[in-house]
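For the record, the sequence lines run as chains C and R.
Using this note's numbering, the first residue of the first sequence is number 13, and each one after it goes up by one.
Using this note's numbering, the first residue of the second sequence is number 10, and each one after it goes up by one.
Check the hints yourself; a few may be wrong.
[As the list claims (entries may be wrong)] Calculated lysine-lysine pairs in the DSSO-like style (CA-CA distance at most 27 Å, straight line):
| # | chain 1 | residue 1 | chain 2 | residue 2 |
| --- | --- | --- | --- | --- |
| 1 | C | Lys17 | C | Lys113 |
| 2 | R | Lys156 | C | Lys184 |
| 3 | C | Lys121 | C | Lys184 |
| 4 | C | Lys184 | C | Lys113 |
| 5 | C | Lys121 | R | Lys200 |
| 6 | R | Lys202 | C | Lys126 |
| 7 | C | Lys115 | R | Lys131 |
| 8 | C | Lys184 | R | Lys131 |
| 9 | C | Lys113 | C | Lys126 |
| 10 | R | Lys202 | C | Lys115 |
| 11 | R | Lys131 | C | Lys126 |
| 12 | R | Lys203 | C | Lys121 |
| 13 | C | Lys17 | C | Lys121 |
No lab work stands behind these hints: they were computed from the structure.
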Amino acid sequence: MKQNKYDGTTYLNPYLGGVLLGTVLLLAFYISGRGLGASGAVKNSVAAAVNVVAPEHVEHSAYYCQFAGGDKKPMNNWLVYEVLGVLAGAFLSGLLFNRLKIKTEHSPKITERKRLLFAMGGGVIFGFGSQLARGCTSGAALSGMAVLSLGGYITMVAIFGTAFVAAWIFRKNWI
Amino acid sequence: MTGPLVASGLFSPAWDNLFAVLLGIGFGFALEASGFSSARKIIGTFFGYDFVVVKVFFTAAIVSSLGLLYMDYLGVVSFQALYIQPTFLASAIIGGIIMGIGFAMGGYCPGTSLCAVAVGRKDGLAFFGGMFIGIFLFSESFPLWEKLYYSGSMGSPLISDTLGISPEMFTFLLILIALAMFAGVSWIQNKVKKVEY
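Here chain R stands alone, though its shape is the one from the complex (with noise of 0.2 Å):
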């Protein structure tokens, strides 16, 4: 069957809220079994005692860039279909900095900050409370922001177009890289002393 299954006229819209709650799960599943519930695992990264962060973004950006592609290649998936996020070049720098200084001071980001709450932690709690006010604040001095927020729009380009080469050898170099970290940062956490946590 060619996806997306809701585009394809198979369900009605109505069955796509169920997929959400069932691919939900499956989200919470993997970060809150990977470790991504502990604040302190998740911030190990920026420290060198415990690179899980990197190794399951990576892992996952790689699984799913391959899949897709294959996916692609095989006709079950139209890539032209799938959602690509725009690209607002200033806002996206500028927010991702901004994101970055929070994950440094609360040590999670919202979908973990998620986890930690469902297994009862109430550092996760306090950082999800946080980001409702952030939200309010950012929406209601949005006039201040607006112009930054459109500014640097490029339409929804690829990397690997904006680079000159094809989506697979992007994905290729991309999973070449992400072993050569692997390798990297495993052999700095043999160096790093252990923190307990």
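Bound-form chain C, shown alone (with noise of 0.2 Å):
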């Protein structure tokens, strides 16, 4: 097999790389006439596997029952297949540019082990978070920026904003 050229540290020029991400954003509002998203597919699969281990439960919930039970097929849903998509676009690029490795990044001063449970924490509060908000970084806020919608904005101060004081906060975790 060819050497790969890369040694995993390159990457697309920033600007370049936001025009690609605006341009697929741009697409998927042509083709489909909606934007973007990643925390919906998984609130879909919560969903779905609700409904599979206590239908009945479902039924009864004022949130699952939005999205499953009944008729409804949580998993045939756009932004489930989207998602699938990422994996594998993901998965390229990280084959293109030598970055496919087993690893936990962390800083060299904490263990991997407090790195992990904060990733993980931090998965928990901010899946939590995007319910709250009807999306994520993707759905709520750059989607929502697209087409000049007002929660899109709001969301993403207050993403930005907090994160922005938080990461002081957990400061020692990073640098």
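Need the complex rebuilt from these two chains, each delivered in its own frame; the hints are there to steer you.
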């Protein structure tokens, strides 16, 4: 096999990356009439899993019943298919730029175990917040900003504004 | 052809799922190739050593907003036919604050954690797994948040309407602000000590 000329630290120019991302988002609106997302696919997966284990519970839940139960097929959903594509697309990029490697990325000042615990805790908190705000950085903020949605801008400012403060609190984990 | 294409009746709805996979591939590629599979690169924005998030995110916002306005002007896309997220003031702010804490703690957002999983990062997998727990907890405790979830409903307003300017003027101002921000963050990044990651 041909030697990969990249050492895993090569990235696109950020502005070129932004143009690429913006173009994909534009195409999503042009083709499917909607923006991109990520947390929605997890929400549907959770609702589908709970529906398998406890269908009665889903019928009576004011939240789950919006996505699962009855004739609804939560896994036959645009976002679920899109997220499968995200995995494939990121894998292709990782292959191209020689970044495929099983490892935990963490600051040398903290242990791998601590990093994994904080990553998981961050995921729990982010997941919770994404449901309250009806979408995450991609679905609510970025896609919302593309169509000039007021809510998209509000969510974006709330996420980044809070993260600036919170990052300082967690700074020992990062720098 | 006038978009959205799937609403034009040109394709059966099943095709939309294929487009979703293809668009997802583009989305994942753009994120990973920009460096978003690395939590320490993403988090650099908050410590000033790497502003890739700001540059990519706002460039994408400009390209998509400007593109949609042009397509609307050319009659290629009807802005009215697009899905515009409804605004619920209280839950958008509080949900955003909660996400900001999770972001600073975990170093990813949902889409970027998936990219990290795709290239084999265990911390990305931990974050992604955590999301299932967080979403499960929210869903199970929904009656507690139901009032907050639906409060402050404003319909689907555009930020330009709220500010009392045209969408074109807003996008023009967004571009000016973003360019100033790009210049500012590049200046800061040159001053801040590099962090190896």
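Hints versus structure:
Among the hinted pairs, C:Lys17 with C:Lys113 is consistent with the structure: their alpha-carbon atoms are about 16 Å apart, no more than 27 Å. In summary, the hint linking R:Lys156 to C:Lys184 is not supported, as the alpha carbons are separated by about 37 Å, beyond the 27 Å threshold. Distance restraint check for C:Lys121 and C:Lys184: the Cα-Cα separation of roughly 8 Å lies within the 27 Å cut-off, and the hinted pair is therefore satisfied. Our distance criterion of 27 Å between C-alpha atoms is met by C:Lys184 and C:Lys113, whose separation comes to about 25 Å.
With a C-alpha separation of about 23 Å, the suggested pairing of C:Lys121 with R:Lys200 holds against the 27 Å cut-off. About 25 Å separates the Cα atoms of R:Lys202 and C:Lys126, which keeps this hinted pair within 27 Å; it holds. Pair hint C:Lys115 plus R:Lys131 holds up; C-alpha atoms about 6 Å apart against a cutoff of 27 Å. Distance check on the hinted pair: C:Lys184 and R:Lys131 sit about 20 Å apart at the alpha-carbon level, within 27 Å; holds.
Between C:Lys113 and C:Lys126 the CA atoms are separated by roughly 20 Å; this keeps the pair inside 27 Å, and the hint holds. Proposed proximity of R:Lys202 and C:Lys115 is supported: the alpha carbons are some 25 Å apart, at most 27 Å. The suggested pairing of R:Lys131 with C:Lys126 holds, with an alpha-carbon distance near 12 Å, which does not exceed 27 Å. Simply put, R:Lys203 and C:Lys121 have alpha-carbon atoms about 16 Å apart, close enough for the 27 Å limit, and the pair holds.
A distance of roughly 31 Å separates the Cα atoms of C:Lys17 and C:Lys121; the hinted pair therefore is violated under the 27 Å criterion.
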